[in-house]
Amino acid sequence: MSAAAGPAPVKRQAIDRARIVGLIQSRGAILVLILAAIVAGSIFPDFLHAANVEDIVTAGTFLGLVAIGQTFVIILGGFDLSVGSMVGLGTVIAAYAQPFGWVPALLLPILAGILVGLIDGLLIARTRMAPFIVTLAALLALKGAAIALAGESMVVARPGFFGQIANAHWLGVSNLIVILVAAYALGALVLNRTPFGAAIFAIGGNEEAARMLGIQVERVKVLTYCVSGGLAGLSGALLAARLSSGISSAGNGYELQSIAAAVIGGVLLTGGVGTMTGALAGVLLLGLINNVINQIGSLSAAYQGLASGTFLLLAVIIQAGLSRTKRS
Amino acid sequence: MSEHAAEAAPSAPGSTPRAGRSDGAWIRASSVYIAFAALVILDLIVTPGFRNPAVIRSLLFDSAPVILIALGQSLAIGTRGIDLSVGSVMALSSSVIGISLSLGQGASITFGIGAGLACGILNGLLIAVLRIDPLISSLSLLVAARGLAQALLGGARMDLPFAGPIPWLGAATISVIPVTALIALGAAILFAFVVKRTAPGHYAIYAGASRTAAFLAGQPVRATLAFVYGLSGLLAGIAGLFATARLGAADPNYIGVQFELDAIAAAVIGGTPLSGGRISVVGTIFGVLLLEVLDASFIMNDISSTYAQILKAAFIVGALYLQRAGG
Chain A
1 MSAAAGPAPV
11 KRQAIDRARI
21 VGLIQSRGAI
31 LVLILAAIVA
41 GSIFPDFLHA
51 ANVEDIVTAG
61 TFLGLVAIGQ
71 TFVIILGGFD
81 LSVGSMVGLG
91 TVIAAYAQPF
101 GWVPALLLPI
111 LAGILVGLID
121 GLLIARTRMA
131 PFIVTLAALL
141 ALKGAAIALA
151 GESMVVARPG
161 FFGQIANAHW
171 LGVSNLIVIL
181 VAAYALGALV
191 LNRTPFGAAI
201 FAIGGNEEAA
211 RMLGIQVERV
221 KVLTYCVSGG
231 LAGLSGALLA
241 ARLSSGISSA
251 GNGYELQSIA
261 AAVIGGVLLT
271 GGVGTMTGAL
281 AGVLLLGLIN
291 NVINQIGSLS
301 AAYQGLASGT
311 FLLLAVIIQA
321 GLSRTKRS
Chain Z
1 MSEHAAEAAP
11 SAPGSTPRAG
21 RSDGAWIRAS
31 SVYIAFAALV
41 ILDLIVTPGF
51 RNPAVIRSLL
61 FDSAPVILIA
71 LGQSLAIGTR
81 GIDLSVGSVM
91 ALSSSVIGIS
101 LSLGQGASIT
111 FGIGAGLACG
121 ILNGLLIAVL
131 RIDPLISSLS
141 LLVAARGLAQ
151 ALLGGARMDL
161 PFAGPIPWLG
171 AATISVIPVT
181 ALIALGAAIL
191 FAFVVKRTAP
201 GHYAIYAGAS
211 RTAAFLAGQP
221 VRATLAFVYG
231 LSGLLAGIAG
241 LFATARLGAA
251 DPNYIGVQFE
261 LDAIAAAVIG
271 GTPLSGGRIS
281 VVGTIFGVLL
291 LEVLDASFIM
301 NDISSTYAQI
311 LKAAFIVGAL
321 YLQRAGG
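So the sequence lines, in the order shown, correspond to chains A and Z.
Here my numbering is used: the first residue of the first sequence is 1, the next is one more, and so on.
Here my numbering is used: the first residue of the second sequence is 1, the next is one more, and so on.
Any given hint could be a false lead.
To be verified - A short list of chain A residues far from chain Z (calculated; beta carbon distances all over 12 Å):
no., residue
1, Leu48
2, Val53
3, Ile56
4, Leu118
5, Lys143
6, Leu149
7, Phe161
8, Pro195
9, Gly197
10, Glu218
11, Leu314
12, Arg324
What the hints assert, rightly or not - Now the stretches of chain Z that chain A is said to cover, found in silico as 3 or more residues with beta-carbon under 8 Å:
no., segment
13, 132 to 141
14, 149 to 155
15, 296 to 307
Bear in mind the hints are in silico, worked out from the structure with no lab data behind them.
Cβ coordinates follow ideal geometry from the N, Cα and C atoms, glycine included.
Isolated chain A, as found in the complex (with noise of 0.2 Å):
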């Protein structure tokens, strides 16, 4: 008896850094994200002001729905490099469709991005092709039909309630905060409280164990793929809608940011973790390092690569370390 009681409190000890490590691992974004609004905040007094908060908000919304996609993807253990293209094809369907009305300017792009999903996904489940490469090949092929449909941009005829999506307000917020924060919602919910949320953590965690658990990995996969490609694509409509205009090249780079906010947010590339909240939190970081970029009138624009780069690496770095901690 002696002899059992002596491991266990070490076992405890253990189990209690593993813990902390996790809640590093994927609180650590928001913390990281309140601290610096609170120096932001100090710093440049224009800073909290609501219609400041607003535009960051607003201005996330777009990058913020295409992250709900990609962290699925990376939770699963994929890639999706083609949401990017799919937002700058969106907006150019977007502009099409407008003069037949609302419903199909803002369903017809999501429709599209779901089909690209699910060619995206039936490549890389059936043929088992590495996702980045099937994704890759989906990102040049979006580009160019966006360019060969719409040039460089072509303007929305007569947005009229098209336009009112994106730019109006409900109850003194704007829309595209309201539709931000129920995608977030939505997207915890099937995350954490569906068997399809369940299923994509075991893929991505262990794919051949989620096999022989009897998960469908396939269809799973095929889905996922299609989620991330719908929500580019309504990422794609509003961005229309706001600019009333579709232009080929929006979105341009969306995959990398996409990729990043969800690693700053605590999403682990090797797959099988992640939450919402953390990738919403990479979203608003990002959008936060842009925002204060400007406000410091003598930098350029063309240090916001810099420090979302710096950002990315950071993140990176710290959590190889983490992870190691955690499995020694």
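Fit chain Z to the given chain A structure using the hints.
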């Protein structure tokens, strides 16, 4: 991916393909040459002015930097890794050349290439020491190096002087062949020698065939990985110099954008499988030439180059599909 580890292990470099698979292997190994020959013949018949030496010269000027980064890429892929940072590292090298011009062009060339090497070594250390997945570390560097390149020049393009060694590199030719293309060819020969005939090259391929076996055999896997990514960064630094010289300006927003895609595509189309353990140097070079001729054919026939992008995407998927079917 797991089934590949088991599959790749027995087919060490130099071993002959197993019986019954030789057909698939033959198609896989020679598809890039067939596609290249077919495209060139088609161009000779269809495309007006394709025989013009100026076209060949411009093609080779464009190919030289891509060949360099594709070589580094093929070795990274040979170790079962990837280097997504090469395009951004080219931009960083270009920016560093721009800001250090006042020290003289020789010094700025050294600093530019040195910046590429430093980036590659950082990438290698992240992968070898911190054991971060190459996809992830090089993705972070893709974002960070481009950001640094833009910040160094304040996001603006900087024109180079008209005289000196850098502009010379951008224009010098021996008959129709650009000097940069000859340097790239020399680098490729040296690279092939390192990969096929020296210990670090062998270690890299073995590490790709089976990391565990290489480790158990006492090979310096980590040092090898650091070497591979350092080399890729060095080659990207030189590629940045070539692109800058050709453009006549240091431009952090333009140089190397999406070049990592071309480098990966060329390596994969050229017969270097993403599952690692094998590398085709000549195939990679022809992969680059194929992509460049493809671009040129679309432009010369006045077809929007966006369709060339779509076709490129189809080529990548097709090449990967062939690898799956054959291997």
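To see whether the hints hold, each was checked on the structure:
1. Leu48: 26 Å, holds
2. Val53: 25 Å, holds
3. Ile56: Non-interface label stands for Ile56 of chain A: nearest chain Z Cβ at 20 Å, farther than 12 Å.
4. Leu118: Since the minimum Cβ distance to chain Z is about 15 Å, Leu118 of chain A lies beyond 12 Å and the statement holds.
5. Lys143: 6 Å, violated
6. Leu149: 10 Å, violated
7. Phe161: 32 Å, holds
8. Pro195: Holds, since 25 Å exceeds 12 Å.
9. Gly197: 23 Å, holds
10. Glu218: 16 Å, holds
11. Leu314: At about 9 Å from chain Z, Leu314 of chain A fails to clear the 12 Å cut-off, so the statement is violated.
12. Arg324: Violated, because the least Cβ-Cβ distance between Arg324 of chain A and chain Z comes to about 8 Å, which does not exceed 12 Å.
13. 132 to 141: It holds, with 8 qualifying residues against the three required.
14. 149 to 155: holds (count 5)
15. 296 to 307: With 3 residues close enough to chain A, the hint holds.
Violated hints, in rising order: 5, 6, 11 and 12; the structure is consistent with all others.
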